[in-house]
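**Q** Here is what each chain is made of, one letter per residue.
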Amino acid sequence: MTAFYAFFLTLPGAAAIEPHLPVLQVIVPLLTAPFCVVFRNGRVSWAWATAVSWLVLFTSLVLLGKVLAGGMIIYEIGNWPPPWGIEYRIDAANALVLVIVSAIGAITLPYAYKSVEKEIPESRTYLFYLMYMLCLTGLLGITVTADAFNLFVFLEISSLSSYVMISLGQSRRALTAAYRYLVMGTLGATFYIIGVGLMYMMTGSLNMTDLATLLPAVENTRTVLAAFAFVVVGLGLKLAIFPLHTWLPNAYAFAPSTVTVFLASTATKVAIYALLRLTFTVFGNTQLFATTGVQELLIGLALVAMFAGAFVAIFQNDVKRMLAYSSVSQVGYMVLGIGIGTAAGLSGGIVHLFNHAVMKGTAFMAMGAMLYVIGSVSLKDMAGIGRRMPVTTAAFLVSGLSLIGTPLTVGFISKWQLVQAALVQDWWFIAAGILLSSLLAITYVWRVVEVAYMQPAPADAPRGEAPWQMLVPMLIMAAATIWYGIDGDTTLRIAGEAAKALIGGRP
Amino acid sequence: MTEAFKPIYDLWLQFEAFMAGPGSPGLFGYWIVIALMMIGFYIVITHDNLIKKIVGLNVFQVSVFLFYILMAKVTGGTAPILADGIKQYSNPLPHVLILTAIVVGVATTALGLALVVRIRNAYDSIEDDEILAVEEAEDK
Chain D
1 MTAFYAFFLT LPGAAAIEPH LPVLQVIVPL LTAPFCVVFR NGRVSWAWAT
51 AVSWLVLFTS LVLLGKVLAG GMIIYEIGNW PPPWGIEYRI DAANALVLVI
101 VSAIGAITLP YAYKSVEKEI PESRTYLFYL MYMLCLTGLL GITVTADAFN
151 LFVFLEISSL SSYVMISLGQ SRRALTAAYR YLVMGTLGAT FYIIGVGLMY
201 MMTGSLNMTD LATLLPAVEN TRTVLAAFAF VVVGLGLKLA IFPLHTWLPN
251 AYAFAPSTVT VFLASTATKV AIYALLRLTF TVFGNTQLFA TTGVQELLIG
301 LALVAMFAGA FVAIFQNDVK RMLAYSSVSQ VGYMVLGIGI GTAAGLSGGI
351 VHLFNHAVMK GTAFMAMGAM LYVIGSVSLK DMAGIGRRMP VTTAAFLVSG
401 LSLIGTPLTV GFISKWQLVQ AALVQDWWFI AAGILLSSLL AITYVWRVVE
451 VAYMQPAPAD APRGEAPWQM LVPMLIMAAA TIWYGIDGDT TLRIAGEAAK
501 ALIGGRP
Chain G
1 MTEAFKPIYD LWLQFEAFMA GPGSPGLFGY WIVIALMMIG FYIVITHDNL
51 IKKIVGLNVF QVSVFLFYIL MAKVTGGTAP ILADGIKQYS NPLPHVLILT
101 AIVVGVATTA LGLALVVRIR NAYDSIEDDE ILAVEEAEDK
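Residue numbers (the working numbering), protein chains in the order written: chain D, 1 to 507; chain G, 1 to 140.
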């Protein structure tokens, strides 16, 4: 990562651009997105979006390198000093989330070309890429900002564009899924903004660092308690923690394949990052996380989510929906890391942000490829798919093993880290919960494996692989699932830095 | 006759005093905010009609707009203009913030209603329970 930063500095003009990178990260996709409407052409818009998203990935890698080399980056928008102006602040935690979001954004677009061509009418594809870029902008904005209200604005930019993208699904049920997500998402964002308002009433500030220093003096007022409750519930809706997850399964199951890949790997991750930032930076100097029972609540809900999500997944016949329920269960592991609340627990949760993005991206890309070739992701149409589409099924198998937590895949790294963090605290029941819920994961992954490899393929069944444009991104993601499962040191080290940046010197 | 209703009238007076709060006349507005918030939230949860749900969502959001406006209002305060005779002014920041939230609210409403139009074309209904029944039949 630091190599990227060093390389960037050798480019001509780098010195002039370098201080403005934090804001360019958001401004570039925001200002380039409207060009898609000017082009009015799906193919040109795709090329444009791809170029921009790879540029954004490069920027975020440079930023991560800079943070790892030289510590936190502070950017004052319009040279207004905080708390008057909006401040962007990048430490190891959001630099890592930036890389996750932009990497998934960049690698999904080459995949999108064929998939979108098949699933979305050609007259609308340029609008799809417009929404894709706006969604990317919103997610990146949530990640870089250090202003509580600015976070709300970006949250809504990303949410509104994702409602549109979900509604573009082929089935009419995509419409109702998008509608239900819109209602739940708006409630969540409004809860968050009520919480921010209550904090502003007590402190007169919206800057996260400023709030962190002002809140301890008023932490025992009912207003601040209510603010904390509203923020946690509001973000809980966005990150789909059980029992606020009801919008997620249908939204992921009926959205176009590309959208599912992108949202499943980024949107919930960014919401979890926002929850981390609010609890550990904004409310970090107060005792509210430990004293109000939020910690126990998050651990409890995370445990229920891990089991309930995986249990319901077993009974799904639509594999995309099965994977969506599996996401509910996996969000449980990430929230569990937040709930444990120690540096080790947090780094377990944060490393799972990255690991889950990679493995769920692979799984949903495989689903998109199957939808492309056989036109269905239903188990009954998948008989013998292991021989009909060997490469795609192998990629799915890798991600399935990772969902279970098999060694040599990324899923193992994060589960191992979480089990260790729980055992250090003597919370053996959490460790047991992580292991037992993995058994449920074996069951739902096995259902697919059985149909794919044990059943004979019908003679007239469509066979053959998806176009290479879809296979290559899928194989890159599958390779990353194994690569970062063998070499867990890099990701764990960055996650450790991120956890340190979030909880600071506190125990 | 009036004697008979005296206890109820006293209760009403107590209620008004409670709403106003001791020495802070500003609380009444917040009760309106809470009432609107709950009404909106209730509509979103209970109504099956998709358009009514959007309206409920709007009421819910408007209560938050009011909340921000109220918290910044200073009794007797005017707009923060640098001119003679203006000594006390309301906090302009939450007022500006809520302009952004209003824009977001309008966008959400527009998108929500657009989706309802598409849902009506696809399902021939905008009643959530009927649509759910159709979808459950599809799942089987």
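These are calculated hints, taken from the structure and not from any lab test.
What you are looking at is a predicted structure, and each value in this text was computed from that prediction instead of being measured.
Hints are not guaranteed to be accurate.
When the alpha-carbon atoms are kept at most 25 Å apart in a straight line, the in silico SDA-like pairs for lysine to any residue are as follows [claimed, not checked]:
id : chain 1 : residue 1 : chain 2 : residue 2
1  : D       : LYS500    : D       : SER171
2  : G       : LYS140    : D       : LEU379
3  : D       : LYS118    : G       : GLU138
Some chain D residues flagged as far from chain G (calculated, every beta-carbon gap over 12 Å) [claimed, not checked]:
id : residue
4  : SER159
5  : VAL164
6  : ILE166
7  : PHE311
A virtual CB, placed ideally from N, CA and C, is assigned to each residue, including glycine.
**Q** Tell me, which hint numbers fail for this structure?
**A** 1, 4, 5, 6
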